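Construct the complete structure from the given sequences, taking the supplied hints into account.
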Amino acid sequence: MGTLENATGLRLQQAEGDVGARDATDEDRRLVDRARTGDVRAFEALVRRYERWVFTLALRMVGDRGDAEDIAQEVFLKAYRGLQGFRGGSRFSTWLYAIASHHCLNHLAGRDSRARRAERTGNSPDGQGGVLPSALDRVADASPGPDAVLERQELTRAIQNELVQLTEHHRMVIILRDVQGMSYEDIAATLGVELGTVRSRLHRARMELKARLGPLLGDGSST
Amino acid sequence: MNCQEAREAFSDLYDGALSGPPLADLSRHLDGCPVCRAEWAAFRRAMHALKDLGDEEPSPGFAARVAERIEAPRWWQRVAATLVLPLRVKLPIHAAALVLLGLAGLWASQRSPELRRAAVEHAPAGTQQAAPETAASVTPPTTAKKTEAEPQPPAPSPTTVASRKTASPPAGAGKAQGPLATPEAKDVPQAPAVREEAARPMAAPPAAPLPQPQGQVAQPGRLQSVPPPPEARAKTETRPGTESSVSVMQRSVSAPAPRSADALFSSGVTEFAAHRYEPAIDDLRAFLAQHPDDGRVPDARFLLADAYRAQGRYAEAGAEFEAFLRQYPKHPRAPTALYRQGEIQLLLGENSGCKTLRDALNRYPDVREAATARETLAARCP
Chain A
1 MGTLENATGL
11 RLQQAEGDVG
21 ARDATDEDRR
31 LVDRARTGDV
41 RAFEALVRRY
51 ERWVFTLALR
61 MVGDRGDAED
71 IAQEVFLKAY
81 RGLQGFRGGS
91 RFSTWLYAIA
101 SHHCLNHLAG
111 RDSRARRAER
121 TGNSPDGQGG
131 VLPSALDRVA
141 DASPGPDAVL
151 ERQELTRAIQ
161 NELVQLTEHH
171 RMVIILRDVQ
181 GMSYEDIAAT
191 LGVELGTVRS
201 RLHRARMELK
211 ARLGPLLGDG
221 SST
Chain B
1 MNCQEAREAF
11 SDLYDGALSG
21 PPLADLSRHL
31 DGCPVCRAEW
41 AAFRRAMHAL
51 KDLGDEEPSP
61 GFAARVAERI
71 EAPRWWQRVA
81 ATLVLPLRVK
91 LPIHAAALVL
101 LGLAGLWASQ
111 RSPELRRAAV
121 EHAPAGTQQA
131 APETAASVTP
141 PTTAKKTEAE
151 PQPPAPSPTT
161 VASRKTASPP
171 AGAGKAQGPL
181 ATPEAKDVPQ
191 APAVREEAAR
201 PMAAPPAAPL
211 PQPQGQVAQP
221 GRLQSVPPPP
231 EARAKTETRP
241 GTESSVSVMQ
251 RSVSAPAPRS
261 ADALFSSGVT
271 EFAAHRYEPA
281 IDDLRAFLAQ
291 HPDDGRVPDA
301 RFLLADAYRA
311 QGRYAEAGAE
321 FEAFLRQYPK
331 HPRAPTALYR
341 QGEIQLLLGE
351 NSGCKTLRDA
361 LNRYPDVREA
371 ATARETLAAR
381 CP
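Going down the list, the sequences are from chains A and B. In case it helps, our numbering puts the first sequence at residues 1 to 223. In case it helps, our numbering puts the second sequence at residues 1 to 382.
In case anyone wonders, no lab produced these hints; they're calculated from the structure. Source: prediction; values computed, not measured. Among the hints, a few may not be true.
[As the list claims (entries may be wrong)] Here are some chain B residues the structure puts well away from chain A; computed CB gaps all over 10 angstroms:
#, residue
1, E8
2, Y14
3, K51
4, V66
5, A67
6, V89
7, I93
8, A96
9, E278
10, E316
11, Q327
12, N351
13, E375
[What the hints assert, rightly or not] Stretch-level coverage of chain A by chain B, calculated; a stretch enters the list once three of its residues show a Cβ under 8 angstroms from a Cβ in chain B:
#, region
14, 25-39
15, 56-65
16, 84-96
17, 201-207
[Claimed, not checked] Restraint ranges, calculated between C-beta atoms of paired labels, are given here:
#, chain 1, residue 1, chain 2, residue 2, range
18, A, G38, B, E8, 32 to 40 angstroms
19, B, R276, A, T167, 52 to 60 angstroms
20, B, E278, A, E154, 20 to 28 angstroms
We put the beta carbon where it would ideally sit given N, CA and C, even for glycine.
Put into structure tokens, the structure is as follows:
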């Protein structure tokens, strides 16, 4: 059965990943030590190593590139200011991911509260009543055409839109696992929750997303 | 194991976290239950679609911007720095700054005709009459000196340049400059009004155009509404030390503004969608050349290849698809690119197209392009 192959492949990937992770951790440690002494260039190198990860997390969580970039910047600034408090008990990446995850959740909580306030005053917080479409999506909306790129962008936007319908905690755990590829243990450490919580949130998030994406992906039987 | 239990195990199954009896139970159930098998397939499709969203990159220079923000003092540091400076340091600095500011203002008022004119316009009426005449240089210099205490600045100001063009063009310039050529000041019946127009380069054209003498194409007051031909404009702009504000504005309007990554990419996609492949190719090539680190480069490369294909430029399309597949073998559009490459090779008369299409069918048998590829193979690759 394909599932068994899948499991074996995952274990092999994990073993290869462990070696790479060790190297990455050593390099991180060197850069962190230098950054702690005020070497901004060393921290800039750390930013370059993790900007993609942090930005992707933020983008998938909030759905807007501009917001995601602001969040990512704030995450790195927080990390820099907190470097003196980082004792190296965990990997830098885990520590940074924790900052990023909590910052995203806080941002969304703040946005929800702004949205509620706006609702009370009759204004939409972003002027569009939801996730702002990116420039590409606006193009896709304006020019539905036969080309494949537009179709893909449409699908990407649709998936992103469904993703942001999940609750924030479900969204966070499914992004960390299925977009960022983190292990259950790392997710638990990042979010500060039990392994069982990660497992149950992930299962619920996946089943809900499957049901939401079913019509988009042509699953007539999806519920 | 019933259906509910089987579905509860999907997440673990997907992660490869099942083994032993639970995995065997689930396998048996899926083998015997078509509904759960379909659900499991749908689950995997959804997970693959999510994974296909892939990583995204922030805009170029992100890390450098973070570093800049780190190095910039924070607001409370700036305030503190200001507050903690002792008075014996602050007072001389402030005093020196005030003196410098005053000197700069004085210098500017002497050098700048706009300021001088503004001062004149707000001055009593007697003085106000003389100012425009001085600016337009149509009154004898001696009169100007009488009415204006300030010495003439060594470099002609925008106003005087504009007015000088109006009042006294160089000998022979009437024909050479074409539309820019202006009548002698004495030929202009409403000279003060014209001078006022000239002094305000972006003012609206007069409601009733001035009568134009034979051979004159444009009145000075209409200079802004009828742009001069390029050669005349070039002549105006290249006169050393006499660049008028009109020419500066004309140049700023005509200079092409650099286009952002968003603008280029969006334009490329839009042109492509509208089947305008030539501009789409131009935009996408410009995007790729100017923004090689942008996260949309793979999409742009795919689209560029497809635009060439749509234009029948198969050699270029084939090269682009090949480069795309080499650089982004795991891109979601890689299956399509591989099928397209095979078709293009056949179109170019290359037998390798058969092999490419077979390879594509082996690797991606379930995509939309597969059916066409099978027909192509049956027809052209016996």
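Outcome of the hint check:
| no. | hint | verdict |
| --- | --- | --- |
| 1 | E8 | 7 angstroms, violated |
| 2 | Y14 | 7 angstroms, violated |
| 3 | K51 | 6 angstroms, violated |
| 4 | V66 | 5 angstroms, violated |
| 5 | A67 | 4 angstroms, violated |
| 6 | V89 | 26 angstroms, holds |
| 7 | I93 | 28 angstroms, holds |
| 8 | A96 | 33 angstroms, holds |
| 9 | E278 | 15 angstroms, holds |
| 10 | E316 | 17 angstroms, holds |
| 11 | Q327 | 16 angstroms, holds |
| 12 | N351 | 26 angstroms, holds |
| 13 | E375 | 19 angstroms, holds |
| 14 | 25-39 | violated (count 0) |
| 15 | 56-65 | holds (count 4) |
| 16 | 84-96 | violated (count 0) |
| 17 | 201-207 | holds (count 4) |
| 18 | G38(A) x E8(B): 32 to 40 angstroms | 52 angstroms, violated |
| 19 | R276(B) x T167(A): 52 to 60 angstroms | 44 angstroms, violated |
| 20 | E278(B) x E154(A): 20 to 28 angstroms | 25 angstroms, holds |
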